[in-house]
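With chain A's structure known, arrange chain B on it following the hints.
Going line by line, the protein sequences match chains A and B.
All residue numbers for the first sequence refer to our numbering, where the first residue is 1 and numbers rise by one.
All residue numbers for the second sequence refer to our numbering, where the first residue is 346 and numbers rise by one.
If you're looking for bench data, these hints aren't it; they were derived computationally from the structure.
Be careful, since some hints might not be right.
Now the in silico label distances, taken between C-beta atoms and shown as ranges [to be verified]:
1. A/Glu-207 with B/Leu-485: 55 to 61 Å
2. A/Val-27 with B/Leu-495: 47 to 53 Å
3. B/Val-350 with A/Pro-70: 41 to 47 Å
4. A/Val-27 with B/Asn-470: 14 to 20 Å
5. A/Ala-157 with B/Val-350: 30 to 36 Å
6. B/Gly-480 with A/Ala-91: 33 to 39 Å
7. B/Trp-407 with A/Asn-161: 56 to 62 Å
8. B/Phe-635 with A/Ser-54: 51 to 57 Å
Sample of chain B residues with no beta-carbon within 10 Å of chain A, all distances over it, derived [unchecked claim]:
9. Val-370
10. Val-375
11. Val-411
12. Leu-433
13. Leu-485
14. Ser-492
15. Asp-517
16. Ala-526
17. Gln-620
Positions of the beta carbon are idealized from the N, C-alpha and C atoms, including for glycine.
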Amino acid sequence: MAAAPSQSVTQSDVALDVRGLTTSFYVGGHWYPAVRDVSFTLQKHETLALVGESGCGKSMTALSILGLVPPDTGRVEAEAILFEGRDLTRASDREMREVRGDGISMVFQEPMTSLNPVLTIGFQVSEALRHHRGLSRREASARALDILEQVKIPSAASRFNDYPHQFSGGMRQRVMIAMALACQPKILLADEPTTALDVTIQAQILELLRDLRRDTGMAMIFITHNLGVVAELADRVAVMYAGQIVEIAEVEHLFARPSHPYTEALLRSIPRSDRDTAELYTIPGQVPPITRMPSGCRFAERCTYRQDRCAGDQRLTSLRDAPTHAVRCWRRTGGDLPTVGAADD
Amino acid sequence: MLAYVARRLFFALPTLLAVMTLVFVLVRIVPGDPAQTILGDQASQEAIMALRERLGLNRPLWEQYVDFLQSAITGDWGASMVTGQPVLGEIANVLPYTIDLTVASLILGAVVGIPLGVWSALHRNRLIDYVTRIGSLLGLSFPAFVSAILLLLIFSIYLNWFPVISAGDRSDPLERLENLALPAINLGLIMAAYITRVTRSSMLNVLGEDYIRTAQAKGLPHRSIIWIHALRNALIPVVTVVGLYLGILIGNSVLTEIVFNRPGLGKLIVGALGQRDYTMLQGLMVIYTFIIIIVNLLTDLTYGLIDPRVKYS
Numbered sequence: 001m002a003a004a005p006s007q008s009v010t011q012s013d014v015a016l017d018v019r020g021l022t023t024s025f026y027v028g029g030h031w032y033p034a035v036r037d038v039s040f041t042l043q044k045h046e047t048l049a050l051v052g053e054s055g056c057g058k059s060m061t062a063l064s065i066l067g068l069v070p071p072d073t074g075r076v077e078a079e080a081i082l083f084e085g086r087d088l089t090r091a092s093d094r095e096m097r098e099v100r101g102d103g104i105s106m107v108f109q110e111p112m113t114s115l116n117p118v119l120t121i122g123f124q125v126s127e128a129l130r131h132h133r134g135l136s137r138r139e140a141s142a143r144a145l146d147i148l149e150q151v152k153i154p155s156a157a158s159r160f161n162d163y164p165h166q167f168s169g170g171m172r173q174r175v176m177i178a179m180a181l182a183c184q185p186k187i188l189l190a191d192e193p194t195t196a197l198d199v200t201i202q203a204q205i206l207e208l209l210r211d212l213r214r215d216t217g218m219a220m221i222f223i224t225h226n227l228g229v230v231a232e233l234a235d236r237v238a239v240m241y242a243g244q245i246v247e248i249a250e251v252e253h254l255f256a257r258p259s260h261p262y263t264e265a266l267l268r269s270i271p272r273s274d275r276d277t278a279e280l281y282t283i284p285g286q287v288p289p290i291t292r293m294p295s296g297c298r299f300a301e302r303c304t305y306r307q308d309r310c311a312g313d314q315r316l317t318s319l320r321d322a323p324t325h326a327v328r329c330w331r332r333t334g335g336d337l338p339t340v341g342a343a344d345d
Numbered sequence: 346m347l348a349y350v351a352r353r354l355f356f357a358l359p360t361l362l363a364v365m366t367l368v369f370v371l372v373r374i375v376p377g378d379p380a381q382t383i384l385g386d387q388a389s390q391e392a393i394m395a396l397r398e399r400l401g402l403n404r405p406l407w408e409q410y411v412d413f414l415q416s417a418i419t420g421d422w423g424a425s426m427v428t429g430q431p432v433l434g435e436i437a438n439v440l441p442y443t444i445d446l447t448v449a450s451l452i453l454g455a456v457v458g459i460p461l462g463v464w465s466a467l468h469r470n471r472l473i474d475y476v477t478r479i480g481s482l483l484g485l486s487f488p489a490f491v492s493a494i495l496l497l498l499i500f501s502i503y504l505n506w507f508p509v510i511s512a513g514d515r516s517d518p519l520e521r522l523e524n525l526a527l528p529a530i531n532l533g534l535i536m537a538a539y540i541t542r543v544t545r546s547s548m549l550n551v552l553g554e555d556y557i558r559t560a561q562a563k564g565l566p567h568r569s570i571i572w573i574h575a576l577r578n579a580l581i582p583v584v585t586v587v588g589l590y591l592g593i594l595i596g597n598s599v600l601t602e603i604v605f606n607r608p609g610l611g612k613l614i615v616g617a618l619g620q621r622d623y624t625m626l627q628g629l630m631v632i633y634t635f636i637i638i639i640v641n642l643l644t645d646l647t648y649g650l651i652d653p654r655v656k657y658s
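For reference, chain B alone in the conformation it holds in the complex:
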């Protein structure tokens, strides 16, 4: 299995290179001059020219490209064009917040979504099922920023249970949880809505399988049939959806991070876009690609945990 992981990562290298090239080109196609943006409208032409020179923006494109690749491989992703801080350092500062948020929403989504989906499937076409299905549809169609604002209003402003600004100290476990709670609930409920729907339909499929009838013919109690025989099979498509959705979730966390004023990759990327921070954007997109590759790999490894028919070769 280690060999499989190593091979997968090795084959991810061309993907990373392609993405880096694409990112390099894309960032330079976007209209707007970073020197102008950094210095503002009032800056003199000389100052702008000097800054362009200093940032290397006057050199030929291919030179910039080779330089970009070389330094990226050696771990030097350059400094932010706006703050002057190393890109990698800035990303490393906020990455833990993003990982916290993603993992917490995933856990919340699974803990709420899987039992709800099973419950809904077992009460197919009865009141519980309808309520769950409508609820999950609402969860899917409700914009994340609206629910975020509602959560803030209720739990932070009226009830005063959680901080309004979720950018506290990560090293203090209690504070870390406090800051995580509302953003994670916000994204977790959307996640739960997805998982509920997939679990329900997958569970309904599995309950019609021959091996469920075999389990019934053995005289097993209902709970063994549901939780041992059916659920494990039903989880296979759920893993697929979670894997796909995790990529989207990392992207979707942008609005949540903004509303809760929480550091994270999403906020960083919006800031970098607004300020034409080429180097920061390059670094962020490569990191995103890397994250997606890792998530896909983890998804494939999870299949192996659930389904013994999956072989890593």
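Bound-form chain A, shown alone:
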């Protein structure tokens, strides 16, 4: 019997354990889940990529972990989100504030709008240090300057009192990263940190993140829709579709043996220079709207292998011969194996 991946490691190696996370939004008088029953573990020092197209719930998963889903429209339910022995789903507002920016930090997609335009970057980077570490203004500034140098802001000292609009997009994203790393978090949630940047700048930011991860030993959840980035940076990959994880595996496994039809289609739709293709491959059809999710496999409608059995409940299940590789598709798993991690339904 295939062991679930989360059981193959000891609890002390786990940086974050998300079990049964469901995030719903209030649409037209009803609550609809945008993230449905997402479970995964993040090991210490590991980079897990969350991959999927826009609106698949990957950003919402990260925001849910940090408790940043707007409470008037969104609702987060989870069996547990375990971080350093604490269940974040049961943490008070105050406890969550202590975790945010200290234990777990986040870098957002849009460096142009994610920095406060009326505050200096020096202030914005040192702020978390003053708050979480209780440093004086001077101590925090000195430390903030170190971090700005660490993220390779050129002549950081002279730019310390500059405002965000005086920086380019790539430099702003470096500032964002410096802000997130100020308190040396255990986990960094990077939500498409390179998507809004030019290609050459993207490569620089990725390299920076890779270096920082190596130097600090932090774990990282890297959210992206770009599989090329995944191959470069991630240890493991979770592919999300319509609010669910449909496949999770080590990065080499996933690329070598994509087992969910959606993953397969995603890999096929990457443009390649070594093959002569007249047209880019696109997945037919569209993601079902949040208000009309099918009860069985959510990808079935667009799947080339669809059969009647797809209308039944699909569970994220380990492959027989690769216990750390789990797929939500009965064709690969036989459909009768135990579920991965926490109970799936």
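Structure of chain B alone, referenced to chain A:
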């Protein structure tokens, strides 16, 4: 920045000239003869003719115009056609009262309006928000002279806390404040109503911005997010509205000055209008234009204090 101020003032000169020309023409288009008005209905034709001659009203219009511009530039704005006192002197006498009133209402409006707007935004669609919004709507729709009379009745007549006539000695600080209190409350509350509404909507916009989410992700306490990260951004549109409203406020102070019997530009202009005091009207309108230009300049300079993206070039 000094260069910027100098340049702005220099470019205001054509505006001032245009306004002076317009004022000169307008004042003479208004029906009614100042000599007749000054001397009254019973005056003889000879007396009226003599007065017209003395006031220069019989000279050709262009001569009057050139004369008006020349003396205005040299600082001689003529004497009031009614009192015979220099126009500039009369204006200088009441200007401090108007500035007192305007500044006091502005401060009151900001001190009341900004926190109320923030509070209202933070309790969006809850009881506090509704009460604040209805209150500010009342403040906007209540005529200034009605609220002025109510204030007088309550605080001056029944409670006897403040003087009924607010025209005391400005040099005595206590008396100055006493005389200022009710008129400033009257205009300040209207100002506060405006500021509350703008602050609320602006704050709601800002709270949805990405950088607020960033601040939350840093784990900052609520108060830092509101007062440091959100408010400063939210104040930018508030400054715009205050700048616009200050111009209106100076005009709106007319009714307040009349009800409280307080000296000021507003009262002076109403008096000059009633008596067809051409020279006084000319002087007042030029002063008003000048004030508006200064207020606009101050507004633009305030943007620079709040928003580092504003460049003076």
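Structure-based check of each hint:
no.	hint	in the structure
1	A/Glu-207 with B/Leu-485: 55 to 61 Å	holds (57 Å)
2	A/Val-27 with B/Leu-495: 47 to 53 Å	holds (48 Å)
3	B/Val-350 with A/Pro-70: 41 to 47 Å	holds (44 Å)
4	A/Val-27 with B/Asn-470: 14 to 20 Å	holds (18 Å)
5	A/Ala-157 with B/Val-350: 30 to 36 Å	holds (32 Å)
6	B/Gly-480 with A/Ala-91: 33 to 39 Å	holds (38 Å)
7	B/Trp-407 with A/Asn-161: 56 to 62 Å	holds (58 Å)
8	B/Phe-635 with A/Ser-54: 51 to 57 Å	holds (56 Å)
9	Val-370	holds (46 Å)
10	Val-375	holds (48 Å)
11	Val-411	holds (50 Å)
12	Leu-433	holds (42 Å)
13	Leu-485	holds (28 Å)
14	Ser-492	holds (36 Å)
15	Asp-517	holds (42 Å)
16	Ala-526	holds (35 Å)
17	Gln-620	holds (51 Å)
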